[in-house]
Each structure stands twice: as C-alpha cells, then as structure tokens.
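Peer 1: Once you've looked at the hints, dock chain B against the given chain A.
One letter stands for each residue in the lines below.
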Amino acid sequence: MARLSVRGLRHAFAAGPVVALEALELEPGRLTVLTGPSGSGKTTLLYLLSGLIRPQAGAVVWDGVDLARLPERARDRWRRGNAGFVFQDFHLLPELSPLQNVLMPARFAAFSARRHAGRGAELLRRFGVPDRRRVALLSRGERQRTALARALLLDPAVVFADEPTASLDAAAGRGVAEALQALAAEGRCVIAASHDPDLIALAGRRLHLEHGRIEVFA
Amino acid sequence: MNPVPFVRALLARNPRTIRLFAALVALAAALGIAVSAQERALRQGSARAADRFDLIVAAPGSQTDLLMSAVFLRPTQVELLPGPLAHRVLSDRDAEFAAPLAFGDSHGDSPVIGTTADFVAHLSGGLAEGRGFARIDEAVVGALVEGEIGAALAIRHGHADDVAAGLDADHAAEAHEHEHHHDHGHDHAAEDGHHEDGHHHEDVVITGRMRPTGTPWDRAVVVPVEYIWSAHVMGTGHPPGDERIGPPWQAELMPGLPAIVMKPASVADAYGLRARYRTEASTAFFPAETLIELYAVMGDATRVMLGLTLAAQVLIVAAILAGILAVLDLQRRSFAVLRALGAPRRYVFLSVWLYVAVMVLGGALAGLPLGWAASQLVSALISRETGVAFAATLGWSELAMAGLLVLAGFLLALLPAWRVYRQPVVEGLR
Chain A
1 MARLSVRGLR HAFAAGPVVA LEALELEPGR LTVLTGPSGS GKTTLLYLLS GLIRPQAGAV
61 VWDGVDLARL PERARDRWRR GNAGFVFQDF HLLPELSPLQ NVLMPARFAA FSARRHAGRG
121 AELLRRFGVP DRRRVALLSR GERQRTALAR ALLLDPAVVF ADEPTASLDA AAGRGVAEAL
181 QALAAEGRCV IAASHDPDLI ALAGRRLHLE HGRIEVFA
Chain B
1 MNPVPFVRAL LARNPRTIRL FAALVALAAA LGIAVSAQER ALRQGSARAA DRFDLIVAAP
61 GSQTDLLMSA VFLRPTQVEL LPGPLAHRVL SDRDAEFAAP LAFGDSHGDS PVIGTTADFV
121 AHLSGGLAEG RGFARIDEAV VGALVEGEIG AALAIRHGHA DDVAAGLDAD HAAEAHEHEH
181 HHDHGHDHAA EDGHHEDGHH HEDVVITGRM RPTGTPWDRA VVVPVEYIWS AHVMGTGHPP
241 GDERIGPPWQ AELMPGLPAI VMKPASVADA YGLRARYRTE ASTAFFPAET LIELYAVMGD
301 ATRVMLGLTL AAQVLIVAAI LAGILAVLDL QRRSFAVLRA LGAPRRYVFL SVWLYVAVMV
361 LGGALAGLPL GWAASQLVSA LISRETGVAF AATLGWSELA MAGLLVLAGF LLALLPAWRV
421 YRQPVVEGLR
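Heads up: the sequence lines are chains A and B, in that order.
Per the working numbering, the first sequence starts with residue 1, numbered consecutively.
Per the working numbering, the second sequence starts with residue 1, numbered consecutively.
Simulated from the structure, these hints should not be mistaken for laboratory data.
Hints are supplied without guarantee of correctness; some may be wrong.
Said to hold, decoys possible - Sample of chain A residues at the chain B side, in silico, Cβ under 10 Å:
(1) Y47
(2) S50
(3) E72
(4) R79
(5) G84
(6) E95
(7) A106
(8) R150
(9) F160
Glycine included, each C-beta is placed from N, C-alpha and C at the ideal position.
The shape of chain A in the complex, shown without the other chains (with noise of 0.2 Å):
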C-alpha cells in the first residue's frame, strides 16, 4: 500500500515551467488518470512521480520517502522496489520469449531469476499472454499485458503507466484499461496518463492539467 504527498511541486525545463503543482494527495486502491492535451506536462508529471525525474522544487513523498530528496541511486532502488512502469510503446525485448521479458526486473540486482520464474509465468497465464517462444509473435495486445506483467513482477505498490492503450485497438485497449483498474483494485496505487476514454471512464480519480498545472480534480 503506497500513499502519495506532493508539495509545492515546480520542475521547468529551458522551454519554460512544465509542471508547477502546489499540493496532491493519492490514496493507494485508486487508479489515477492523467488527461490533458498534448504538452500539457502529463509525461513529465509521471517521470517527477516515478523519480525519473528530480523537481527542482518541491516534496515528492512516498510513504515518507521523499524522492526529491534522494540522490539518483537511491531513487532507482525506489523504483526497482516499489513501482512498475507501463509504456505506450511496450518496449518490450522481442529478441527475448515473454517470459524473459517479464523477467528482465528481477536481474537488475540478482544473476538468478529463477525465484521470480513462477511468479513470472503466472503473471502471463493471468493477463492471458500465450508463451510464444518470442515477443515478436504476439499481437500488440499480448505485448501490452507482457509489458504489465513484467511492470508486476516484483509485486509494486505504484504502477506508471504512460498512454498504456495509445498503440492498441478499442478491444485490447479495453482489456489493458480493465487490468490497470484490476491492479488499483488489488490497493496498487496506478497512475496512468492517457487520452484514452474508455481508461478515463474506469479511473477512481481523474487529474485534468493544462499548461503543467492541474485544473480539474475529480
């Protein structure tokens, strides 16, 4: 169970302040959407969330574990311990079977997966992901919900998710939506940034910004 704190939040890249976010509470059980258009700072408020980033100014609190304040290490021990990312564009390794793909977390800091193998695999059986012998024989869907399963190897109590149904059709973007919803379910604290309306309808919070502030809260 992870709870968010966010305080005088404010990071500005050359081009001008990105994000500037005066106070956020996030409850674990909750999956988050941020909306917006583009270049509204969606991305970069996932990356100063997930430590990717370091704000200029401002608290980044996980349960009392202020990642601004961390050097870069320590906010990469964070991430490894605590959140799983989802991208767009999967970015999975289609050199290597699913199973290797969802394994790749866990030998970030051991030599061995094998631990994690069961885990692995059932991870694929739950998300329906047939054990194809390379990534390149599944279908964008499949990849997406390899992409999850590796995002849940290490059993995180924060899962990222940046556009997770932007590259999938309607059907596979719903099933993704629906697993995201299914991981807050389980009290994962999921914040996902999409445009994606069907993943909107599902979110127990909706985070609207504009300009890299946020103007509706619902």
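Peer 2: Relative to chain A, chain B alone:
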C-alpha cells in the same frame, strides 16, 4: 545483477552489424598476427636453410652475395677463389670436412650445383632414394626436382633466372669473361666446339634423390664439382684421363671455386679457420652471423611494418567505435526503459561494455585462425618462390598481440559504456 540476457538481446538485434564489426576486429587482429608470424617464419626458415653451412670461404667480396649464392642458390656474381688457395682450404685438417661449391648452370628452373657426395650426404642426411653420384655425368636431385632415377637431364649454361629472363647465356658469358666471375668467367664449352648446341652442356643421369631439406637445395640438381669445371673447360682437378670424382685434387690442376663450405670440428676451430682465411686473398664468414646482420636490417623494416599494422588496427578500431556509438544511439530508448524499470546505471554500463567486449573478443578469436591462414598462404607463396620452407605458426607473440588488441578493445569499450551511463533517462524515453 545479470546483464547477459539483455546483452544477448542487443547482439541479436542487429546481427549483420555485429558480424561486420566482429569481422573488422578479426581483420585487424589477423593483420597483426599475419605480419608477426610471417616475419618469424622468414627468420626461422632462412636460419634453418643456413644451418648446414657452418663456415663459407670464398674470394673477397660481398658476404651477403655469397650467402645468397651458396645457401639460397640465388643468381649473384661472385669472384673465384684461385685454385691453389681453394686446394689449401679443402685440405685444411682443422675442418671436419670441406666441400667445394660451384654454380652457374641450370636445368629448367633448377640450379645445377657442383660439389661432393659427402656434402650431399651432409646436407640432406642421406638420400630418399637411389645412390649418390659416382661418375662425372651423374647427378643427385633435390626432393622437389622432377625426374625419375635413371632419367637424363639437360644442363644449360647460365642460371635458371637468367635463362627465364631471356638473357643469352653466351653473351652474358662474354660480357663477364674478363671479370673472372665464376659462372661466366671461362670459355664456354660451345665456343671450343665441345657442344653441338651452344647453350647446353652434356646431359647428366639421375642416380639419387635427396631427402627434403626445406631449403632451395630441394630444387637443385647436384652434380660432381668436376662436371661444372669440365663443362666450363677448367679441367677436373685430376690428371687428364683420370675419371675419378671427389677429393683429393691436385693443387697444380685445381680450378678456381666460387665458394667452399667448411665444417669445423669445434667452436674454437671455427673461429680459427675464419681468422685463417679472412685475408686479402679470401674471405671467411659464418652464414648464421651474416643472417643475424640481415635480420637486424630486417628488424627495422619489421618494426616499420608492425607500426603500420598498428596504425591500421587503430584506424579500424576507431571506425568500429564510431559505428558502435551510432548503433547505440539507436538503442538509447532501450537503455532508458531499463533505467525506468529500476535498473541501476551500472547495469546499463556493464551491459554496453559487455556488448562491445563480446564483439571485440569474438573478432579477435576469429582473427587468430584468419591470421594463421593468411600467414600460411603467404608462406606457401614465398616458399614456392624461394624454395625455402617457411612454417608460419602462432606463437606467444601472436597470442600476446591478439591479447593486446582485446585489452585495447576492452578499454575502448568503456567509452560507449560511459556515454550510455551518462545518458539522462528522460531524454532516452522521449
């Protein structure tokens, strides 16, 4: 931490590019290995060829020319050692044996060398087939000379190379007649009407074949020295009517000789003999010593060649490095995704380093047999050209050279690894 699956995936992503890079590394390694192995093979092969020639005594002149004539059977102009002096050298009791060498004639591509049966035995350690020559018109052939035992060989005046080059042996003989050079320094037989064909001597019959020596002598036709003397109308060193061949010869009838090979009984005798015949009238030298001097000159050339090879290798490695950086730029998102999933920086650093290291190591390992094969090919070509057996082998220096290339590759692999290590995650994800 285990980057192997990720590295495997990276290597499988662009197999052609990887193979190309590895092939370039292999070529770079092979280049250095081939040059190094070839240089050693040349030194060892030439040293082996001179092994049986302990001390050479000849008329004053270039030792290198004499070495080329006597050991490597190359066509060079050498002065004749006067007969009485040659007789004294051949009779010297401080030598285990002394053998005359006379050359300047040919059979096809084979040089014809006049010497004694003892020297043939000394050179080849016995015959592979047949028997030694016992008459003036008999010959023992080298291991690579075509012709069966009992076959007659036509002997032509002049060296094979001169004949092949279209030089007129008679004209050459006349041109050098007054210079007292061995092969053309005396009246040609035809000029005295001894032969129907002005370019040919009497045929000789093959009586035996030497064992392979790995020297140009494998292509030689060896005849009694008396044959050469007689063909050049210099007598035989024996009284008229005496058909004996081999020593002893009569001092007053002794023709001149281009070279005498001596085998001293001891090291002290070797230096004693060399001092004794290093006079105004003659020169004496150890072929091995002359070869070492040649190697010293060759060594400078070798250093230049190795330097050029190293420069070529550096250029190849630099080109590979530039290519790898370009390939890795295309993969930057993969590294960024790994970081987003929680991979520490050192994981991507190690992955990239391993990725490049595998290419370098694979290329270098492939370069070893490639370099060996290249040096074998060059050795075969040079052996065919010179008759000297060159056995190019991979030694510690070639392995060390490949190791050095691998080490340099491993060190250079740190550059792309460091570049990816420094790459901001978010930039890679965009």
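Peer 1: Look at each hint and say if it fits the structure.
Peer 2: Evaluated hints:
1. Interface hint at Y47(A): satisfied, since its Cβ lies 6 Å from the closest Cβ of chain B, which is below the 10 Å cut-off.
2. Because the closest C-beta pair between S50(A) and chain B is about 7 Å apart, less than 10 Å, the hint holds.
3. With 10 Å as the threshold, the beta carbon of E72(A) comes within range of chain B, its nearest partner Cβ sitting at about 7 Å, so the hint holds.
4. This hint holds: R79(A) has a C-beta 4 Å from the nearest C-beta of chain B, less than the 10 Å allowed.
5. The interface hint given for G84(A) is met, as the beta carbon of that residue sits about 8 Å from the closest beta carbon of chain B, less than 10 Å.
6. The restraint placing E95(A) at the interface with chain B holds, with a minimum CB-CB distance near 4 Å, inside the 10 Å limit.
7. Against a cut-off of 10 Å between C-beta atoms, the interface hint on A106(A) holds, since the closest Cβ of chain B lies about 9 Å away.
8. For R150(A), the shortest C-beta to C-beta distance to chain B is roughly 7 Å, which falls under 10 Å, so the interface hint holds.
9. At its closest, the beta carbon of F160(A) sits 8 Å from a beta carbon of chain B; the interface hint therefore holds under the 10 Å criterion.
Violated hints: none; the structure is consistent with every hint.
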